[in-house]
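Chains as they are written, first to last, in this note's numbering: chain B, 1020 to 1344; chain X, 107 to 448; chain D, 440 to 838.
In short, the hints are calculated from the structure, not lab data.
One thing to keep in mind: the hints can contain errors.
Stated by the list, open to error - Some but not every residue of chain D turned toward chain B, in silico, with C-beta under 8 Å:
{"hint": "1", "residue": "S554"}
{"hint": "2", "residue": "P555"}
{"hint": "3", "residue": "R559"}
These numbers were taken from a predicted model, which means no experiment stands behind them.
Glycine residues also receive a C-beta, built at the ideal position from the N, C-alpha and C atoms.
Residues per chain are reported as follows:
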Amino acid sequence: MAQLSYREAVAAGIAQEMRRDDKVVFIGEDVAAAGGVFKTTEGLQAEFGALRVRDTPIAEQAILGATMGAAMTGLRPIAEIMFSDFFAVCWDIVVNQIAKTRFMSNGQCSFPLVIRSANGGGARFGAQHSQSVENWAMAVPGLKVVAPSSAADVKGLLAAAIRDPDPVLFFEQKSLYGTKGEVPEGEHVEPLGKAKVLREGSDVSIVALAAMVPRALQAAETLQSEHNISAEVVDVRSLVPLDTTTIFASVSKTARLVTVEENPRLCGWGAEVSSLVAEELFWDLDSPIVRVTTPHVPLPSADALEDAVLPSAERIVANVVRLAD
Amino acid sequence: MNDSSGQLMAAVRNASAPDRDTRLALYRQMQACRMMEQRAYDLFMQNLIKGTSHLALGQEAVAAGFGVAMRDDDYSFCTYRGHNHTLARGASMTGILGELMGRECGLLGGKGGSMHLMDVDKGAMGSYAIIGAHMPIAAGAAWSAQYRESGQVAVCFFGDGTTNIGAFHESINFAAIWGLPVVYVCENNLYMEYTPIGEVTAVPNPGADRASAYGLEPVLADGNDVDVMYALASAALEKARSGDGPSLIEVQTYRHGGHSRADPGKYRPDEEVAAWKARDPIPMYRQRLLDGGIDEATLAAIDDEQAARVDKAEQTARASGPPLLEVADTDVWADGSSSWRN
Amino acid sequence: MDVLMPQLGETVAEGTIAAWHKKAGDTVERGDLLLDVETDKVATEITAPESGVLSSILIAEGETVDVGTVLAVIAVDGEAAGAPPAQTKAPGAAESAAPQAASGMPEKSADGRLSPVVRRLVKQHNLDIKEVAGSGRDGRITRQDVLNLVSAGAQSAAATGLATASQRIPFDRVRKVTADRMVRSKATSPHVLQAIDIDFHAVDASRLTRRNQWKTEKGYSLTYLPYVARAVCLAIRDFPKVNASVDGDALVVHSDINLAIAIDLNHEGLLAAVARKADSLSVSELAQTFNELVTRAKSNKLVPDDLQGGTYTLSNPGPFGTLFTAPIINQPQVAILSMDAVKKRPHVVESAAGDEIAIRPIGVLAHSFDHRAIDGAYSAAYLQRLKTIIETTDWDAEF
Chain B
1020 MAQLSYREAV AAGIAQEMRR DDKVVFIGED VAAAGGVFKT TEGLQAEFGA LRVRDTPIAE
1080 QAILGATMGA AMTGLRPIAE IMFSDFFAVC WDIVVNQIAK TRFMSNGQCS FPLVIRSANG
1140 GGARFGAQHS QSVENWAMAV PGLKVVAPSS AADVKGLLAA AIRDPDPVLF FEQKSLYGTK
1200 GEVPEGEHVE PLGKAKVLRE GSDVSIVALA AMVPRALQAA ETLQSEHNIS AEVVDVRSLV
1260 PLDTTTIFAS VSKTARLVTV EENPRLCGWG AEVSSLVAEE LFWDLDSPIV RVTTPHVPLP
1320 SADALEDAVL PSAERIVANV VRLAD
Chain X
107 MNDSSGQLMA AVRNASAPDR DTRLALYRQM QACRMMEQRA YDLFMQNLIK GTSHLALGQE
167 AVAAGFGVAM RDDDYSFCTY RGHNHTLARG ASMTGILGEL MGRECGLLGG KGGSMHLMDV
227 DKGAMGSYAI IGAHMPIAAG AAWSAQYRES GQVAVCFFGD GTTNIGAFHE SINFAAIWGL
287 PVVYVCENNL YMEYTPIGEV TAVPNPGADR ASAYGLEPVL ADGNDVDVMY ALASAALEKA
347 RSGDGPSLIE VQTYRHGGHS RADPGKYRPD EEVAAWKARD PIPMYRQRLL DGGIDEATLA
407 AIDDEQAARV DKAEQTARAS GPPLLEVADT DVWADGSSSW RN
Chain D
440 MDVLMPQLGE TVAEGTIAAW HKKAGDTVER GDLLLDVETD KVATEITAPE SGVLSSILIA
500 EGETVDVGTV LAVIAVDGEA AGAPPAQTKA PGAAESAAPQ AASGMPEKSA DGRLSPVVRR
560 LVKQHNLDIK EVAGSGRDGR ITRQDVLNLV SAGAQSAAAT GLATASQRIP FDRVRKVTAD
620 RMVRSKATSP HVLQAIDIDF HAVDASRLTR RNQWKTEKGY SLTYLPYVAR AVCLAIRDFP
680 KVNASVDGDA LVVHSDINLA IAIDLNHEGL LAAVARKADS LSVSELAQTF NELVTRAKSN
740 KLVPDDLQGG TYTLSNPGPF GTLFTAPIIN QPQVAILSMD AVKKRPHVVE SAAGDEIAIR
800 PIGVLAHSFD HRAIDGAYSA AYLQRLKTII ETTDWDAEF
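Let's have the full structure, built from the sequences with the hints guiding it.
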């Protein structure tokens, strides 16, 4: 086992795959010579050369269009969109071109590409550099959507994404870049489409994603020690494909569901999971389903304000306690 | 990288006529395109083609010139006005008409439709319905060819209106800085949908006048002269294939019909339409071939052959039923499924 | 005219349709039997209040509704509105038989704030939701509450060694009500049992000479019960506090003695039917009254007045041969007397001439009393008085 930071795990995952397959190439803004604005891709150009790891102009449509063209003609490209907010600039390429072309062509080509991006708030960057947009991607058929919560999962899920024959949007939560964790040595691959129960419990299922996972775990500790409530914490990891089996097994056991997300109040991924549970596990529920989300506002920049709107461990605890009778 | 050598224009001026086989191939391809596209018009009027379609009647010389010049393994990308471009790469005419009619035998199984014709085996890497989106994709295919050192070239066809959208700028700049083997072909048919292109473009020649912004040679040519098209295509392909980077080519042409089936094109002055129809590429070329010594019988045989081909394609497509309903949720993913959960 | 769910007793709030005897479209005469209704205490027949056509039945068999609910509609002779002639059996009548069917959605459950999992478990395990205590906020029933009840049931089944071979017999309405009332009675009154043995020699002097003729004339037997009942009425005059009710922190002593007798319904349930103002009845009148009550009870013809207003209860398992019983008080009374078997036993008879052993009919009277109302000495004294009355009264004179 090695101790890696979440950001180091990005480079480790890319490197692992670039070593085993020379079709894997990587492009983005400031990713090669500078190693990425978040220092997530340091050392890659040095190891793999300027043909495989390339800097691009500020041209998101070109970056993703080129990634798509390369993927449909034999390469396995990885592209970086520096801040996930910038997906809006090139959303046509993602949802109209990449997501749909295999289907429209009746399966004539496939798109084994990965678009990784720094997602989410907590860094005081303001509303145009702090959004969590994995729910935008979840809403479009034809895109796989992944969001790891730990260094080990960054490496393992990124490796799986690169090996996957379909387009994968890989959301790295920027507030987690500095966190550290144990990462297995050697080749490490985690499966897409599998959630993970990180903490077992019996009174409530807290289903969380990315940066909300550590907060959910913290909340579970508090719930046990101060409220004698046994919370089970499920890390969703993949939104598409979604591991409904694991989520349903948990909620059947506890009879209560609380989702925790960084998305705004409307149409976040938690709404979809809640709806699936409400429809398919109705007869197992002992309490209403609760979604803990960011309120429906653009994210404010002042640290005190941003901390107040992003779901905290305290808010998770309060929402669970409110459910318990 | 500033290419002011006029290399491509010179190649056009100095090009000798293609050999007989090539000329017949060019003529054959133009007739195939014309007859198929005309038949598509008729089928639409009979309500056998639904939705809409964007016909390229009158613009056959561009598709034929480049189609014949390209290598089989080169990549082509075109817009929603792409029936001819797809046919010119060797896609099945039955498949194209079948796709327009939404039949099981369609090139895309009835799932894509008129605006998305694609035949990957023939290098026809898709028709794209979002203005400009295919330009960076073409750059990507070129990047892949460059990386793999395969010698393949990507050709990207688009209209005059596309030159004003953001993706145009990003793609050509991108291709230029990486020296990608991609040929960008602007088919200027003088109208951005219903609007004269001059009213919405800051420069007179929407393609050629932008080339120097990317350090590329300004190239402006007659899109209705198939010999010129063939010469230009050959030069640009050779330039790309040899590692000398991308080109931006503007060719002037004219569509006989409106923008789409819904549009009778009444916004165009009658004299203008008449003048361009007088320069219809196919009768013009037919005459040139006759003048150059090819006999009428040979040309008539090609005409008959293509007419029969279209009839047969239409017949086969009509006889095909609609797609099975099961295909509606297939092939979202590489494994053939569309499943998003377990 | 509407046929309503009647109020079949002061504390009765709802009733269950046990059976319809007519169907929609039938012509009915005033007084015709329309349906059977069950309440907490009794099954009752409802007759047609008017003649006409039963145009619609609104509540189906098995449904439980509040008092006052419209059960059916009779189109009274002469009423024009909506009354199809019986012969044509108009479709409207058939449709309105089940008006809930107009909406495609099943009726919303009226069971309050029960969560989906609670509803499912209750249905699955055939529980009565009234049996489940809610430990959640505001008394909400949680999943754990239901599961606790289920496992307690399973445990007690296991504890008695019934385990897998048991047959599960869901309680019917009468059983459920009985169970509930018994638990509540025990929870309300601190029960004390006192017993006294009685020599029925003097009673037999009257009873044995009369009984054959009684049986022939009346068609039923003359038992010890009316004699004991008479004795109880007499003893209560001297000890009125056993004929009372506890109300908060007061004892309400009743002036009337409305004697309730416990009647077993063929092992299918228990009723207490009341002989009103029993102290004004002679032994034979008591016998007659009791027999009528029993007959009505067994043929399901008791009326609410038969069941209400009791002030003291007699239970008589004697015919079954028991020695003594500790009966459960019939709330809101404060005492209940069980009269078990009267059997010939060797008995010491004292006389001036000395003690002798004689064969005497001996029976035990067991008195359960509510220790809030009276104390042991009072009850004992009452029993002693009862004994004296039974053993020394000239019963023929009381007859």
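These are the hints, each one checked on the structure:
no., hint, result
1, S554, "5 Å, holds"
2, P555, "5 Å, holds"
3, R559, "4 Å, holds"
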